[in-house]
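Based on the sequences and whatever the hints tell you, model everything.
Protein chains: 2
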Amino acid sequence: MHIVLTIRQIRSAVAAQRKRGKRIGLVPTMGALHQGHMSLIRLAKRKSDFVVVSIFLNPAQFGPKEDLSKYPRDLKGDTAKCRRAGADLVFAPSVSGIYPQGFCTNVTVEGLTEGLCAASRPGHFRGVATVVCKLFNMVQPDVAVFGQKDAQQAAVIKRMVSDLNLPVEIVVAPIVRERDGLAMSSRNAYLTPAERAQAPALRHALQLAKRLVKKGRRSAEAIKREMAKMLDIEAPLGVVEYVEIVDNENLKPVRRIDGKALVALAVKFPSARLIDNTVLQRLMPVPTWA
Amino acid sequence: MHIVLTIRQIRSAVAAQRKRGKRIGLVPTMGALHQGHMSLIRLAKRKSDFVVVSIFLNPAQFGPKEDLSKYPRDLKGDTAKCRRAGADLVFAPSVSGIYPQGFCTNVTVEGLTEGLCAASRPGHFRGVATVVCKLFNMVQPDVAVFGQKDAQQAAVIKRMVSDLNLPVEIVVAPIVRERDGLAMSSRNAYLTPAERAQAPALRHALQLAKRLVKKGRRSAEAIKREMAKMLDIEAPLGVVEYVEIVDNENLKPVRRIDGKALVALAVKFPSARLIDNTVLQRLMPVPTWA
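So the protein lines, in turn, are chains A and B. Residue numbers for the first sequence follow the numbering used here, beginning at 11 and rising by one. Residue numbers for the second sequence follow the numbering used here, beginning at 11 and rising by one.
Check the hints yourself; a few may be wrong.
It does not matter which identical chain is meant; a pair holds if it fits inside one copy or across any two.
Taking lysine-lysine pairs in the BS3-like style, the calculated list, with each CA pair at most 27 Å apart, reads [to be verified]:
hint: 1; residue 1: K57; residue 2: K29
hint: 2; residue 1: K29; residue 2: K55
hint: 3; residue 1: K80; residue 2: K224
hint: 4; residue 1: K270; residue 2: K75
hint: 5; residue 1: K234; residue 2: K55
hint: 6; residue 1: K57; residue 2: K224
hint: 7; residue 1: K86; residue 2: K278
Keep in mind the hints are simulated off the structure, nothing from the lab.
Structure below.
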């Protein structure tokens with residue numbers, strides 16, 4: 011497995027594979043890879059013949075008060091993980107390669123970037139959409155794989171691809187969790203032992219929502235209230251940033267759980283902000299004539 | 011020559027040509043084609059093997075008070091002109107095909123979209139950049155041709171292509187003019203005979219700027235003053251919206267003409283707003299040792 015650093019190199023490497031009739035897969039990452047990323051790479055490998063993993067810590071998606079400077083960096087370790095997961099090429103461009111002097115173009119996905127994480131991270135999804143659009147144009151993959159953990163990001167990218175007619179298939183892979191249910195995240199490494207002990211509360215609150223829906227509860231407001239209560243009890247070190255139940259595609263809040271809905275939450279611990287989500291599915295009653 | 015109406019059709023038509031090794035050219039237009047557009051098509055034909063002309067009257071680049079509803083439409087006449095100019099395919103998508111329900115993604119090129127036409131046409135260049143990005147992703151041309159008459163548009167597209175790493179070559183074709191010097195434009199058809207008689211004043215003012223630079227004048231302010239004076243005299247029916255001398259690439263105003271600069275102007279007649287531009291080039295003195 012090779013590493014390439016420039017746009018010219020990635021283009022020529024991918025063009026050579028395409029000429030041989032290979033289907034190209036892309037897994038965009040910011041590095042600090044964990045089992046979640048590795049599951050994306052393995053999925054990309056099943057969906058394509060030649061998997062590119064991009065590793066680019068994108069300044070444009072960090073707010074001025076966010077953790078860009080302390081975000082974990084380990085290109086050597088990341089590369090080894092890419093190789094183990096079956097990647098064919100790592101693309102690790104420089105910041106000046108991605109944002110040369112005079113850069114002034116942005117892609118915005120309005121409508122999907124107001125609620126949930128957007129409220130506390132202004133400009134974040136614009137930074138994500140822009141860099142992903144650029145990566146798609148550089149690599150020109152047939153398929154790209156993203157993780158469901160960043161559910162809003164996945165929705166934004168799917169919308170952008172559809173709206174801008176980008177010729178790429180988007181696959182969203184399920185969340186990979188630690189043994190105790192905590193969703194894998196590069197930011198979990200920031201947690202103190204006490205915070206880490208409380209972090210599974212996010213998952214517990216999601217499971218509570220699932221149980222409540224299964225029991226027949228339909229009111230989003232009531233379910234959110236119960237979840238917030240549980241988070242307050244199980245994760246006293248954290249501050250609940252949001253608990254939301256939204257439409258799975260357009261991310262607009264729903265009032266009643268009818269069919270499918272996404273329940274998503276963010277909890278801010280002193281050392282790291284964590285997010286998690288799951289899909290709620292109302293079980294339709296079996297018709298009496300069945 | 012065929013006409014296709016849907017994204018699926020254009021994709022499959024272009025894919026068939028690409029499979030045969032053909033180089034694809036694109037000329038994006040809003041219809042109401044004139045000799046200027048035909049020169050773009052002929053140029054695209056020289057730069058590629060298979061020329062697609064898109065005809066799409068893009069609502070997103072018209073302001074609420076602009077002339078979308080009265081903009082000339084003549085798909086049949088336009089198609090005949092495309093055929094005569096050597097186009098291979100006309101792509102005439104519907105508004106709902108380009109902007110389906112829920113559409114919410116935009117491409118903005120900040121920095122180039124503040125001065126010149128942007129001041130009086132808020133949102134115009136966002137609409138242009140977004141639809142051109144979409145067209146590039148639908149057609150995936152190797153080369154796309156735009157006219158120099160819309161100099162700011164050409165600069166915005168070039169910047170977008172570079173910033174978003176779109177894999178397409180942008181060619182900008184020279185302005186085509188009527189016998190009396192008026193730059194060809196679909197909007198010239200709106201002019202009353204009296205306005206039409208005064209419209210060559212735009213070109214005369216540009217020629218004046220060229221003469222002044224040739225004579226050694228360097229101050230942008232002084233040149234712009236002389237131009238505005240001439241426009242007031244030659245085109246009393248028009249109101250000068252702007253006369254600007256800017257850097258050819260980043261469109262920032264320049265104070266002195268050193269090397270190349272773009273001089274651009276807009277004049278609002280009661281029946282139509284006209285624009286025109288030319289490149290000013292300072293002739294460097296012949297070195298004494300030559």
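key: K57 and K29: within-copy, between-copy, both or neither at 27 Å Cα   = Both. Shortest intra-copy (18 Å) and inter-copy (23 Å) distances satisfy the 27 Å Cα cut-off.
ask   = Should K86 paired with K278 be assigned to within, between, both, or neither, using CA atoms and 27 Å as the limit?
value = neither (30 Å within a copy, 61 Å between copies)
task = Using 27 Å as the alpha carbon limit, work out where K80 and K224 are close: within a copy, between copies, both or neither.
result = neither (41 Å within a copy, 57 Å between copies)
query = Checking K234 and K55: alpha-carbon separation at most 27 Å within a copy, between copies, both or neither?
reply = neither (38 Å within a copy, 61 Å between copies)
Homo-oligomer pair classification [K224, K57; C-alpha up to 27 Å] = For K57 and K224, the Cα distance exceeds 27 Å both inside one copy (33 Å) and across copies (62 Å).
request  = Could you place K270 and K75 in one of the four classes (within, between, both, neither) given a Cα distance threshold of 27 Å?
outcome  = neither (35 Å within a copy, 42 Å between copies)
key: Homomeric proximity label, K29 with K55: Cα distance no greater than 27 Å   = both (18 Å within a copy, 26 Å between copies)
Checked against the numbered hints above, the structure violates hints 3, 4, 5, 6 and 7; every other hint is satisfied.
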